[in-house]
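Sequence order for the protein chains is A and B.
Take the first sequence: its letter number 91 is residue 1023 in my numbering, and every next letter is one higher.
Take the second sequence: its letter number 146 is residue 778 in my numbering, and every next letter is one higher.
In short, the hints are calculated from the structure, not lab data.
Here the structure is a predicted model, which means the values were calculated and not measured.
Backbone N, C-alpha and C define an ideal beta-carbon position, used for all residues, glycine too.
Please note that a few of the clues may not be correct.
[Stated by the list, open to error] Distance ranges between label pairs, derived from CB positions:
hint: 1; chain 1: A; residue 1: D1004; chain 2: B; residue 2: L847; range: 28 to 38 Å
hint: 2; chain 1: A; residue 1: E993; chain 2: B; residue 2: N925; range: 23 to 33 Å
hint: 3; chain 1: B; residue 1: N925; chain 2: A; residue 2: E1001; range: 22 to 32 Å
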Amino acid sequence: MTFIDVRRLLTTTGVLAALALLLTPQVAAADGDEGTDRAYDFVRQAIALIVNTPGDMEGIEDKVGDALEAPDASQVRMPLVERAEQALEGGDLHQVRALLERSLGARVHLGSDEPAPIGQPARPTGMDSGTVAALDPRPGRNGFNGGDWIILALSAAAGLGGVALSLRLRPRRLPHPGPGPVR
Amino acid sequence: MKPKLNTHEAPAAVERRRWGHRALDTIDDRLGIKAVQYPVPAHANTISYSLGGLTAVALLILTVTGIALAQFYNPDPTAANQSVRDIVDNIYLGRWVRGLHFWAAEAMYVLAILHLLRIYVTGSYKRPREANWLVGVAMFALIIGALFTGTVLKWDQEGFEALAHNLELGRLLGGLGFWFSDSFSEGVPIVVRLYVAHVAIIPGLILALFALHALLVKYHKISPRPDNPTESGEPAEPFTHHLRHIGALGLVLLGGLGVLAVLFPPGIGATPVEGIEVTRPRWMFWWMFTLENWVGLSGILWGAAALFALLVALPFLDHNRRRYWRQRPVAMILGALVLVAIIVLTVLEAVSTPAQHL
Chain A
933 MTFIDVRRLL
943 TTTGVLAALA
953 LLLTPQVAAA
963 DGDEGTDRAY
973 DFVRQAIALI
983 VNTPGDMEGI
993 EDKVGDALEA
1003 PDASQVRMPL
1013 VERAEQALEG
1023 GDLHQVRALL
1033 ERSLGARVHL
1043 GSDEPAPIGQ
1053 PARPTGMDSG
1063 TVAALDPRPG
1073 RNGFNGGDWI
1083 ILALSAAAGL
1093 GGVALSLRLR
1103 PRRLPHPGPG
1113 PVR
Chain B
633 MKPKLNTHEA
643 PAAVERRRWG
653 HRALDTIDDR
663 LGIKAVQYPV
673 PAHANTISYS
683 LGGLTAVALL
693 ILTVTGIALA
703 QFYNPDPTAA
713 NQSVRDIVDN
723 IYLGRWVRGL
733 HFWAAEAMYV
743 LAILHLLRIY
753 VTGSYKRPRE
763 ANWLVGVAMF
773 ALIIGALFTG
783 TVLKWDQEGF
793 EALAHNLELG
803 RLLGGLGFWF
813 SDSFSEGVPI
823 VVRLYVAHVA
833 IIPGLILALF
843 ALHALLVKYH
853 KISPRPDNPT
863 ESGEPAEPFT
873 HHLRHIGALG
883 LVLLGGLGVL
893 AVLFPPGIGA
903 TPVEGIEVTR
913 PRWMFWWMFT
923 LENWVGLSGI
933 LWGAAALFAL
943 LVALPFLDHN
953 RRRYWRQRPV
963 AMILGALVLV
973 AIIVLTVLEA
983 VSTPAQHL
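One chain only, chain B, in its complex shape (with noise of 0.2 Å):
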């Protein structure tokens, strides 16, 4: 298709229009970068259907971040609070970047779970898009993943705590916990395989698995909204678009990342020491303490173990063939249970005292 033309311009924008277009198409005819161009309904451009590209951009930021700390933190458990220390005191703007990292992660977090909500309650996981359902769901088991494991490597007081849970946890599952066993590389301290797991392990499983997602939403198309099945009406605009629009939102979170990195900077604890139990974990796995609190430490293996049965049982469970929420009241009901279920253990976890448990 020939550049449009605009008779107004001057000659020498015109020409460096046609010089631009042919360098375009002289990439497409190597890389065929064209292809992005394919059209996907107008919807996919409303915020609740742009939270997965979100989640991908706070996955860009955490990679550029991670990147720049990686260069200066030091996975030694004699050093490694230490250099985060450093990090945040001597590096030139290494406070600022320790801190994007931090809060980019929990966005992260958070809009992944958007994502999947938007998902659930829109009933996006249905026929034929089971297989891309399991593909989130395995991604987001990384991405608590590599919270665990980013918090275990400040190695102070909180991350040692988690990763003693973590240890006690890999003894309950028996033989299957064996990487999660000081003795599997004796010699080797168990932070240093953390690390690697943190840079290498996780964040290549997820770009692995974040490739076959795209995949399989460009293979089945974006879901249509329930509530205009047959898209009818709806106007078609380029993926590159919805790039184009992902950025510009990219640049929200990015710039309220920034903002929350320089006035609320994550402190570091106190170096860490073997047997005692005095700090609580992050956030996101407070629900699961609030169980270890009841049952002992299997109530977190438990805990985890059923809720992810769950999301990955859910597109086999559901045959109901219908998406509008109003159309679906059991599932609402129960996905609405489930969620409520570990916002109240959250906070009971948030008002108990940290108790000794290993």
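If we strip away everything but chain A, and leave its shape as in the complex, we get (with noise of 0.2 Å):
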């Protein structure tokens, strides 16, 4: 009884790898951390962790200080980035975020339904992400109202009646004789 042909496998992975190693020229790219020397990105990525990981203190300390260390300070009212510093040593979450975000001369947030633009960024091409100063994240749902409870009904009913329709249509008993030889 033959199952798997331990040859043809073997073949196949060969030339699959030879082929992988043909067409992977690059692999030192792949930790190319296209690393940036200013100021103005420093401080996005910074408001990017107070929005995205408020626990990681660290992260954030260290993004600010990459700020106020950089070459480029272009686009950054330094003063508040040092500003920002000694409010994150207070612990100061909120308010190191406000002073970074006007740093840029972007609005200041206000919460999670800040509507946007905050600032008005350049246009953006290639990868650019577009963003300024980042927006809260959204959950999904903040509470039910009616409309919402007509749809769950609506949803339920659909689902049911096709529960009861596929009871209905479902085959019959259908026999089970056995593999049999093979054909």
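Mind docking these for me? Both chains are given alone in their own frames, and the hints should help you get the complex.
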């Protein structure tokens, strides 16, 4: 009884491996961290970390520190970044974020319902994110309203109707004579 | 064939039926729609043999909701995230339609995997159905592509990081990764190109392959059950009954997804910023990201390439003519090992903290 042709398996694997090696001439690029020397980028990253991972104080401190040491300080009001660093020592992330946003000339956030755009970024191309100061993430749901209940009831009714129809249309008992000889 | 008349029916009802049949015959003369009444074995109407049809229903829901969302989505990077927020907040039924689209995508992925597993377990990829297996594998790859591009389009930190990974993978592929390069079409934001892929290129290819898939199913006939290869004692039914059955199951799917869309609508993350890596990808990609944690970015490429190489090679490697699972221990054990490996890698990513790779 032959189940898997081992020789074919090895040959196929070998051919695929060789192909893959041929097609991967830039493996060194895997960790290609295209670093920035712009305080502007570091400040944006610091704001994004506050928004996404507010518990990562070390990461936020690093980014604010990088911004202060960055050789290119254009488009950033550095005194505000310095004040943000002091506020960070006090643990007031709300104030840190507001100061960093103001340092970019962005409008200060008000909460998760903040309308965009905050500031006017340059026209993005390629892989530019188009974000100046990150908006807060939004949860999927903030409570139920009457419309939600109606849609919920209609969806449930459709599902139950489908179940009833499926049961009505289900195939009758099928014969199971066994696998039989190989054909 | 003349329509069967019920002698107890009122003359008006009989006349209506006659009119209906005449109308159907008239249309059939022009379009040949009765051709879809070809016989299929009764087991085609079991749930396990209806998974492909249900995947198609999920695709239909995705298409309809996608068309609706496309009216309000703006792929410009400065506006994309906000336009999704606007769909949720300011468009009538927007939150629900987006939720339905999100959950239908999850359902399509899961149903496609279940369909693929059914084909594997029942050995339906074997001669003469190898080509249709390959078509199915290609469709599965396209579904993953649609999931990926859909993730990117919401243009939050998670989607942006997924795209950044993909760009690096494009570099790893050398010349083959040219499309995933921001220098390929300078001046056009890459999210715009991904939007075109998500709404036109990928669905177009899926639909073309789906047509081929369905034609090949008809040509080779629905594979017999391994425990009844001669289909002895099994009645045949018109394919239209199968469609009716898929429609009923599809209604269950639509209702379930509708409930999920109300109870658990997807959120949207913070607007993206370059240079940080703080999110986790969608769960279906987790197993590849565990490999990335172990061996670096190339782990994603190698993992995906290995899985799809196995899927493509399967019908050409497996020469056991038997289709009943108990008579295919090697194939069953190997399949289970691959499945367990993917599940373990997925769980490992679930319990890990997102790490910086780029």
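That 23 to 33 Å hint for A:E993 and B:N925 (C-beta), does it hold up? At roughly 25 Å between Cβ atoms, B:N925 and A:E993 fall inside 23 to 33 Å, so the hint holds.
Range agreement (Cβ of B:L847 with Cβ of A:D1004, hint 28 to 38 Å): 60 Å, violated
Does 22 to 32 Å hold as the CB distance between B:N925 and A:E1001, or does it fail? 30 Å, holds
In the structure shown, a violation is registered for the earlier hint numbered 1 alone.
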